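A.B. asks: Single-letter residue listing:
Number of protein chains: 2
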Amino acid sequence: MEKVVNLAKRRGFAFQSSEIYGGLASCWDYGPVGVELKRNVKEAWWRDMVLTRSDIVGIDCAILMHPRVWEASGHIAGFTDPLVDCKVSKQRFRADQLFWAAVVVDGKTVGHVSALESDATEAELQNGAEELKRKKAIQGKLEPVVAKDFTQAAPEEIPLIPSPATGEPGSLTPPRSFNMMFQTYVGALRDDTAVAYLRPETAQGIFINFKNVLDTGRVKVPFGIAQVGKAFRNEINPRNFTFRSREFEQMEIEYFIAPDADWQKCHRDWIDAGLAWLESIGIPRALLSEYAHPKEKLSHYSKGTVDIMFKFPFGVQELWGFAARGDFDLTQHQKFSGKSMEYFDEAAKKKYVPHVVEPSVGVDRVLLAALCAAYTEDEAPDEKGKLEKRVVLRLSPRLAPVKVAVLPLVKNKPELVAVAEKLHAALQRRYVSFYDQSGAIGRRYRRQDEIGTPWCVTIDFDTLANGTFTLRDRDSMKQERIDEKALFALLDEKLC
Amino acid sequence: MEKVVNLAKRRGFAFQSSEIYGGLASCWDYGPVGVELKRNVKEAWWRDMVLTRSDIVGIDCAILMHPRVWEASGHIAGFTDPLVDCKVSKQRFRADQLFWAAVVVDGKTVGHVSALESDATEAELQNGAEELKRKKAIQGKLEPVVAKDFTQAAPEEIPLIPSPATGEPGSLTPPRSFNMMFQTYVGALRDDTAVAYLRPETAQGIFINFKNVLDTGRVKVPFGIAQVGKAFRNEINPRNFTFRSREFEQMEIEYFIAPDADWQKCHRDWIDAGLAWLESIGIPRALLSEYAHPKEKLSHYSKGTVDIMFKFPFGVQELWGFAARGDFDLTQHQKFSGKSMEYFDEAAKKKYVPHVVEPSVGVDRVLLAALCAAYTEDEAPDEKGKLEKRVVLRLSPRLAPVKVAVLPLVKNKPELVAVAEKLHAALQRRYVSFYDQSGAIGRRYRRQDEIGTPWCVTIDFDTLANGTFTLRDRDSMKQERIDEKALFALLDEKLC
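From first to last, the protein sequence lines are chains L and U.
Sequential numbering of the first sequence, starting at 17, is according to my numbering.
Sequential numbering of the second sequence, starting at 17, is according to my numbering.
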């Protein structure tokens, strides 16, 4: 993971937000190469999910929404994390990420230990328990610790559990709910009437525009509404680079179906479409898996949720969620707004509130997964033919920030430069082309390898003679002679 | 204007945000057609300003930024509107939009009147003055009112000016500064250390990443950094549909030049580039004008600001600002962050903090200008040859949400439908194509006219015989026979 983060920073994929001021925790800025990669992720998704499907239309809603939206959706009451304060250190922890265990010697509890969630939580607790036993000079057999999170602590146990900040018990408060929506005030007043929230998801914007789309979009159930846009969650422990951040971008669809339609099939079709799409943008199937949320952990209205998981270097984590949400959201908005959310089905000659299947994926997560999957180190010959380490991003051509680099062999031959510039201009009409004339050709190839450019075209003296140039493939490093027409045909085939 | 707003709502360009809950003042949601138009505005700008220029790179920064950014930029101290409270009605007004006048009869002041800014402010004040004279039964000659805004009221005049809410004097407070940035809290605490703001402009994200881009972007002065993204301003009186809204999207460039470079030329070049770009997306030059900000109204660091103005139906208003900002921003961030913002110029062999020219334009405003410029009513024959009113959006093909509509003449001939579907699928590989088989052909044309689709292709029985179809032009309504190859060549020429 460290290697991916370093490359991201070194080559201008992503920087910490407000870095010169010490950073704003868990917000990220995309650099010159990153912004193109991000644009390509969104464009590929929009093309495949909206533009080339006749059953899906898009919308683009404001981030600031009426507060009643979040009452209806349940976010004001329920979009919370359990938080624990340490009264001594003034630090805060998520209760479900604060682990503790009783220290038991010969069947008798002699103290408690705690540790924050990490790859080594269990080991830390075990070590802590051993140290406690040693410190207190207790004889006997230490039993293996049984880790629990802080939400599982009984009220009488809370004062006994040490704070991870101080190591001493007595300073942790019972967990309390903390709403993760960012709050602000709209208009000149700062009172309850002026409260608004930054949307924590793009989905609700779709539900509240359901009727507007029905009235203007020429759509018929089953159909979907898609949205791409920023969402905000005031995470207490954001982490893993861009994986979990406070400001992120979502790509969501609400797919509306009849109440008596086969929702399991629709749900399965969407999961399969998600897997196929991820493969189509170069994320190998072998790194993807499915996780079905256990029935007992689902919300009361949920019929089923399955996540597509990706094997990140820091663990297998959620990439894309597929939730069958029934008619919960539309019904709630119907109730809270007093506006009908019913659809008249002309074929079935009846009115109903449609049910919904919701595929929801984060742009930043797809981008990070693509980067992790693409990062490769192999060997390539340097100028003198000696093998040296090569870093290469094997991004799919659709995602690559630059599609083709045009490189005149040397920069001090005006004939070569003129041909190269002309080719670059012709390519730019359709594709993102990058022109680079400075440095040894091997170093120029290496720079393109690091940002994932699939093809390099070198203009040399043979070009002047016969109009062909060297096409160099990023992955195989093979070179072949090709003319302009064949180059355009190749790009057209791979990119359209 | 009303016609444009009605069409926007009726055909799914834009809706008021959170409409089912009574709306959130001055935020807007783009519908199925509007989202494509907006995407096309941004894509055309990005292509022309970033991808096809070798001197500009893009970035994409977080909306939430470190509060020190806004101290350095001057927004915390100076990004304010003067506000006036009415203590009785609890309403708030912008002081510069609240007008008042003394009521003078025979050279003697007998009272005061007030009115909010509108097209009829002067007339309202004059009427108010006449009514006051009548009510008080004062004889003599009423002098014409001289309207002033509330910032021009002397302290002793303030208690005499009636509130526009109640009509009675005595309840208005002196103007006070109100910061227009939306404030929120990041993290679990709600105190001064956790304050953050939603960015009121995208420009500062560019400045604080200047060094990151220098280090990774392979750029040399002169060069520019571009960004497209949301910004937020807590406007007290937002208005004119999407023209001035609280949440909007900007397209900004900071173009860095040497301190001794000819900034006037650079500034002028950018204004010309702006005009040319607006023309290239179909906004007629005749509706555009320039406005140079008077020297005495510029900030102390500003060398000059020129706006490109557009003739909206509600008046000539700012569309695109071009500010020569010197080295103010980079120098401020250098001072506040302690990080050097110097650039080493290899050609000139010297170090300096670059100066900057800033072209800044709103996505929503360009979109609105394009809609206003494109909206046309003419006449077209109906099914029976009778002329009827036609609403047509003469959008440039690059901006049009749908590029081409594929229409089988009738939907109950499988041969026609099969050919149409095949053509639609082929078109979709490259262009946004819309398939529509229901309704009379004239009505289908009219629907496409209303959303600005430049070309319609009708598949009829001749198509089966000779492979040609009818190409119908939106603007001229002329029809010609064309084959698939010629259609692709036309689209390629007009859209690439």
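Because the hints were derived from the structure by calculation, they are not lab data.
These numbers were taken from a predicted model, which means no experiment stands behind them.
One should not assume that every hint holds.
What the hints assert, rightly or not - Distance condition first, Cα-Cα at most 30 Å in a straight line; then the derived DSS-like pairs of lysine-lysine: (1) L:K149 with L:K124; (2) L:K351 with L:K327; (3) L:K366 with L:K400; (4) U:K366 with L:K510; (5) L:K365 with U:K366; (6) U:K236 with L:K25; (7) L:K58 with U:K438; (8) U:K366 with L:K429; (9) L:K366 with U:K164; (10) U:K236 with L:K281; (11) L:K510 with U:K438; (12) U:K438 with L:K501; (13) L:K246 with L:K149; (14) U:K164 with U:K25.
A.B. asks: Can you confirm whether the C-alpha distance between L:K351 and L:K327 stays at or below 30 Å?
C.D. replies: violated, 41 Å
A.B. asks: Straight-line Cα separation of L:K510 and U:K438 no greater than 30 Å?
C.D. replies: holds, 21 Å
A.B. asks: U:K236 and L:K25 were given as a pair; does the straight-line alpha-carbon distance stay at or below 30 Å?
C.D. replies: The hint holds at about 19 Å.
A.B. asks: L:K149 and L:K124 were given as a pair; does the straight-line alpha-carbon distance stay at or below 30 Å?
C.D. replies: holds, 12 Å
A.B. asks: Between L:K366 and L:K400, is the straight-line Cα distance small enough, at 30 Å or below?
C.D. replies: violated, 76 Å
A.B. asks: Between the alpha carbons of L:K58 and U:K438, is the straight-line distance 30 Å or under?
C.D. replies: Answer holds: L:K58 to U:K438 is near 26 Å, not above 30 Å.
A.B. asks: If you draw a straight line from the CA of U:K236 to the CA of L:K281, is it 30 Å or shorter?
C.D. replies: Not satisfied, since the Cα-Cα distance of roughly 55 Å exceeds 30 Å.
A.B. asks: Within a Cα-Cα threshold of 30 Å, do U:K438 and L:K501 meet the stated pairing?
C.D. replies: Given pair U:K438, L:K501 holds - Cα atoms ~26 Å apart, limit 30 Å.
A.B. asks: Tell me if the straight-line CA distance from L:K246 to L:K149 falls inside 30 Å.
C.D. replies: At roughly 50 Å apart (the allowed maximum being 30 Å), L:K149 and L:K246 break the hint.
A.B. asks: Straight-line Cα separation of U:K164 and U:K25 no greater than 30 Å?
C.D. replies: The given pair, whose Cα atoms are some 37 Å apart, is violated under the 30 Å limit.
A.B. asks: Taking only the CA atoms, is the gap from U:K366 to L:K429 under or equal to 30 Å?
C.D. replies: holds, 29 Å
A.B. asks: Holds or violated: are the alpha carbons of L:K365 and U:K366 at most 30 Å from each other?
C.D. replies: violated, 78 Å
Of the numbered hints given earlier, the model fails hints 2, 3, 4, 5, 9, 10, 13, 14; all others are met.
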